[in-house]
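Participant: Below, each chain spelled out in residue letters.
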Amino acid sequence: MSRIKILEIIFALVALLILARLFYWQFASSVEKRANFGFSQNDIPAPRGEILASDNFPLATNEEAYLLWATPQAIKEDPKKVASLVAPNLLPERFATMSAEPNSPLQKAKEEEIAKIEDSLVDKLKSKNLVWVLLQRKIPSAAKEAISANKIAGLGFERDDRRLYPESSMAAQTIGFVGSDKFGKDTGYFGLEGFYNRVLKGRDGKSNVNFDPQGFPILIDKFKAITPQKGNSVKTNIDRTIQFIVENKLKEAVSRYGAKDGTVIVEDPKTGKIIAIATYPSYNPVTYSTYDQKLYKNPAVADTYEPGSTFKLVVMSAALDAGAVNPATKCNVCGGPRQIGGYEISTWNKKYYPDSTMINVIEHSDNVGMTFVAEKLGLERFYQYLKKFGFGKATGIDLEEESPGVLRDKDSWREIDLATASFGQGIAVTPIQIIQAVSTIANGGKMIPPTLVSEIIENGKHSQKKTETPFQVISSKAASQITEMMVGAVDNGEAKAFKPKGYRIAGKTGTAQIPLAGHYDPNKTIASFVGFAPADDPKFVMLIRFTEPSSSVFGSETAAPTFFSIAKEIFNYYGIPPSE
Amino acid sequence: MISDFNYKNQNTAKSYTSNLIGIGKVRIKFLLILAIIVASLFSAQLVFAANLSTDGQKLSVIEDEINKQETENMRLNAQIAQISSLNYLSKKASELGFNKPSHLVNP
Chain F
1 MSRIKILEII FALVALLILA RLFYWQFASS VEKRANFGFS QNDIPAPRGE
51 ILASDNFPLA TNEEAYLLWA TPQAIKEDPK KVASLVAPNL LPERFATMSA
101 EPNSPLQKAK EEEIAKIEDS LVDKLKSKNL VWVLLQRKIP SAAKEAISAN
151 KIAGLGFERD DRRLYPESSM AAQTIGFVGS DKFGKDTGYF GLEGFYNRVL
201 KGRDGKSNVN FDPQGFPILI DKFKAITPQK GNSVKTNIDR TIQFIVENKL
251 KEAVSRYGAK DGTVIVEDPK TGKIIAIATY PSYNPVTYST YDQKLYKNPA
301 VADTYEPGST FKLVVMSAAL DAGAVNPATK CNVCGGPRQI GGYEISTWNK
351 KYYPDSTMIN VIEHSDNVGM TFVAEKLGLE RFYQYLKKFG FGKATGIDLE
401 EESPGVLRDK DSWREIDLAT ASFGQGIAVT PIQIIQAVST IANGGKMIPP
451 TLVSEIIENG KHSQKKTETP FQVISSKAAS QITEMMVGAV DNGEAKAFKP
501 KGYRIAGKTG TAQIPLAGHY DPNKTIASFV GFAPADDPKF VMLIRFTEPS
551 SSVFGSETAA PTFFSIAKEI FNYYGIPPSE
Chain G
581 MISDFNYKNQ NTAKSYTSNL IGIGKVRIKF LLILAIIVAS LFSAQLVFAA
631 NLSTDGQKLS VIEDEINKQE TENMRLNAQI AQISSLNYLS KKASELGFNK
681 PSHLVNP
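From first to last, the protein sequence lines stand for chains F and G. Taken in order, the first sequence gives residues 1 to 580; the numbers are from this note's numbering. Taken in order, the second sequence gives residues 581 to 687; the numbers are from this note's numbering.
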């Protein structure tokens, strides 16, 4: 036989062998096919970035969770039995952390919830025309293990990580929460989760893979994977310890004074960094859907209110800077109430001090004296300084819901508007604007806009967020003068009994009536206190604000004691010794 | 008598035939080498494809291991975060009977 013939025979035999093997694998073999046999095109979700406190502790991070799905056609057991085994493991988070006595209302509520879940599961499992049905998202790993232990055919799990807030509801309105958008993808709402959603969410990957019957990917086929890109993390300026102190004190105070709500902001005036920002009542970002939606907004940036006497600091600073008055200037209209534009302007306690100096006007929180200051300044300069101090526009803080406040056009102002604005009524501001303005005073007249986030962290690389260049709003001389007036107001004012001994604290109380249907309600106020300490080298500026405190309407009896109580803790935390 | 023409033709035919045989031998050798190369490449592709098909399994095992480690890492990070949270520490301190200091000395 010729060699070519032999070669031909060999080729033919090899070809036959290959054909036979192909025939076997395609037609003859009965390999048990895994669920992911065949071509599959999947999104690979990207891990969401973290929100960190200033000490790199994660205020928002991710934890392992799963999506539970079912193939109704593959469920062999009775759907009711399957539902009864699965439902207790799918209780919402708010029940999961509560332990209930038998026959207690809580236990009954748990049982009702389980029954509801069972009914919903039974409906889904009975739909035999469906190939795949979603039963529940974001199930914790403990629940997944418990369900898997039942070894129910036709049920499966997929990774569906969920957000974890290790400090629970700390700074909830500032952090925000993660919910689902209309496509079912995780999306941040409100606070930092909302503002930095594009930074935090990363980029999902994709996999186009053909799987063999044993569930292993076939690499020579259309195998293509796009690696998911993890979301970037953001590092905030929030000091966890101060935030913790502030939240506890605020909660106690809201309860003690019978207020509807309370807000506290603490800022470092030299850098504009927001160290703490708290509101009570708050909510738990994990179980956000069980709370009133009104709680989601951050009142520190979103709520507008008439600031009352705390606004006198802005007006007096402006007048001192413009040279319209000096600390020793005497008020020649302070002997009694004034008639302006058909309205009577009086002091809060109906006490009048003729020939008061500007120092006295601030110490006594004298409304009549402030109208004198406003007239000396004039509407044009008054309005200019309001804009310089940042009123009527957003501060630019990195939170979603910031309001610019309300500053009516100067041309619509009447004589009475100038008068009332001088003592903080008839003008609407946000708490963050007040903090920005008073921080300017504390920082020698230089304004630095407030910021929450200091760094963006991408793949371990830290990049500093750009900060605005400070600009001089009032001179350092005017800032020193108003600071001394504020120290005097604390030492000699209505709240002097609550002040910690040995510290020079600059501050001002505010008691603003709330406008209601065209008039002011005398029994409903916004009670506030704003100040900084130590006065000569401020380490923090703080604003306390209560809405409608019922035990007393005055800021000197509600917000001021709360300020001093928190300030004492901050002095200890920072190791600031008394200076007097 | 063998004519010159016949002789010449015979010689031409002989050399032509021997040329043809020479050329044929070269062609056959060339075709043979080509066939061997094609067969080798075909076999090589079969070998690589076979290896690649099992590489899918190896990749799956490695990916499973990576996912397992990442999940464990995430679980531990979450645990650390929860037990070092101020809320947890504060509750624990309270349970253990720690009190807030009432007097502080500032150096």
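Since the hints were made in silico from the structure, they are not lab data. Don't take every hint at face value.
[Claimed, not checked] As a list, the in silico SDA-like pairs of lysine to any residue whose alpha-carbon atoms are at most 20 Å apart:
{"id": "1", "chain 1": "G", "residue 1": "Lys680", "chain 2": "F", "residue 2": "Leu155"}
{"id": "2", "chain 1": "G", "residue 1": "Lys680", "chain 2": "F", "residue 2": "Asn248"}
{"id": "3", "chain 1": "F", "residue 1": "Lys410", "chain 2": "F", "residue 2": "Pro500"}
{"id": "4", "chain 1": "G", "residue 1": "Lys680", "chain 2": "F", "residue 2": "Gly392"}
{"id": "5", "chain 1": "F", "residue 1": "Lys81", "chain 2": "F", "residue 2": "Glu93"}
{"id": "6", "chain 1": "G", "residue 1": "Lys672", "chain 2": "F", "residue 2": "Lys230"}
{"id": "7", "chain 1": "G", "residue 1": "Lys672", "chain 2": "F", "residue 2": "Lys138"}
{"id": "8", "chain 1": "F", "residue 1": "Lys230", "chain 2": "G", "residue 2": "Glu643"}
{"id": "9", "chain 1": "G", "residue 1": "Lys680", "chain 2": "F", "residue 2": "Glu569"}
{"id": "10", "chain 1": "F", "residue 1": "Lys144", "chain 2": "G", "residue 2": "Lys672"}
{"id": "11", "chain 1": "F", "residue 1": "Lys568", "chain 2": "G", "residue 2": "Lys680"}
{"id": "12", "chain 1": "F", "residue 1": "Lys251", "chain 2": "G", "residue 2": "Ile646"}
{"id": "13", "chain 1": "G", "residue 1": "Lys671", "chain 2": "F", "residue 2": "Lys138"}
{"id": "14", "chain 1": "G", "residue 1": "Lys680", "chain 2": "F", "residue 2": "Ser565"}
{"id": "15", "chain 1": "G", "residue 1": "Lys609", "chain 2": "F", "residue 2": "Ile6"}
{"id": "16", "chain 1": "F", "residue 1": "Lys376", "chain 2": "F", "residue 2": "Lys350"}
{"id": "17", "chain 1": "F", "residue 1": "Lys138", "chain 2": "G", "residue 2": "Asn657"}
{"id": "18", "chain 1": "G", "residue 1": "Lys672", "chain 2": "F", "residue 2": "Ser346"}
{"id": "19", "chain 1": "F", "residue 1": "Lys568", "chain 2": "G", "residue 2": "Tyr668"}
{"id": "20", "chain 1": "F", "residue 1": "Lys206", "chain 2": "G", "residue 2": "Ile646"}
{"id": "21", "chain 1": "G", "residue 1": "Lys671", "chain 2": "F", "residue 2": "Lys393"}
Participant: Checking one constraint from the list: CA of lysine 680/G to CA of asparagine 248/F, max 20 Å. Satisfied?
Facilitator: Between lysine 680/G and asparagine 248/F the Cα gap is close to 13 Å, so the pair holds against 20 Å.
Participant: Within a Cα-Cα threshold of 20 Å, do lysine 609/G and isoleucine 6/F meet the stated pairing?
Facilitator: Cα-Cα ~16 Å, so holds.
Participant: Below or equal to 20 Å on CA atoms is what counts here, so check lysine 230/F against glutamate 643/G.
Facilitator: Satisfied, since the Cα-Cα distance of roughly 17 Å is no more than 20 Å.
Participant: Is it true that the CA of lysine 410/F sits at most 20 Å from the CA of proline 500/F?
Facilitator: 42 Å, violated
Participant: Is the hinted pair lysine 671/G and lysine 393/F satisfied, with a Cα-Cα distance of at most 20 Å?
Facilitator: 42 Å, violated
Participant: Holds or violated: lysine 671/G and lysine 138/F, Cα atoms, limit 20 Å.
Facilitator: Roughly 27 Å separates the two Cα atoms, so the pair is violated.
Participant: Against the 20 Å threshold, does the CA-CA distance of lysine 680/G and glycine 392/F hold or violate the hint?
Facilitator: Violated, at roughly 43 Å.
Participant: Between lysine 144/F and lysine 672/G, is the straight-line Cα distance small enough, at 20 Å or below?
Facilitator: At roughly 29 Å apart (the allowed maximum being 20 Å), lysine 672/G and lysine 144/F break the hint.
Participant: Keeping to a limit of 20 Å between CA atoms, is the pair of lysine 672/G and lysine 230/F held or broken?
Facilitator: Given pair lysine 672/G, lysine 230/F is violated - Cα atoms ~34 Å apart, limit 20 Å.
Participant: For the pair supplied as a hint, lysine 568/F and lysine 680/G, confirm whether the alpha-carbon distance does not exceed 20 Å.
Facilitator: Within the cut-off at roughly 13 Å; holds.
Participant: Given the proposed pairing of lysine 81/F with glutamate 93/F, does the C-alpha separation stay at or below 20 Å?
Facilitator: 23 Å, violated
Participant: Taking only the CA atoms, is the gap from lysine 672/G to lysine 138/F under or equal to 20 Å?
Facilitator: 29 Å, violated
Checked against the numbered hints given earlier, this structure breaks hints 1, 3, 4, 5, 6, 7, 10, 12, 13, 16, 18, 19, 21; the rest are met.
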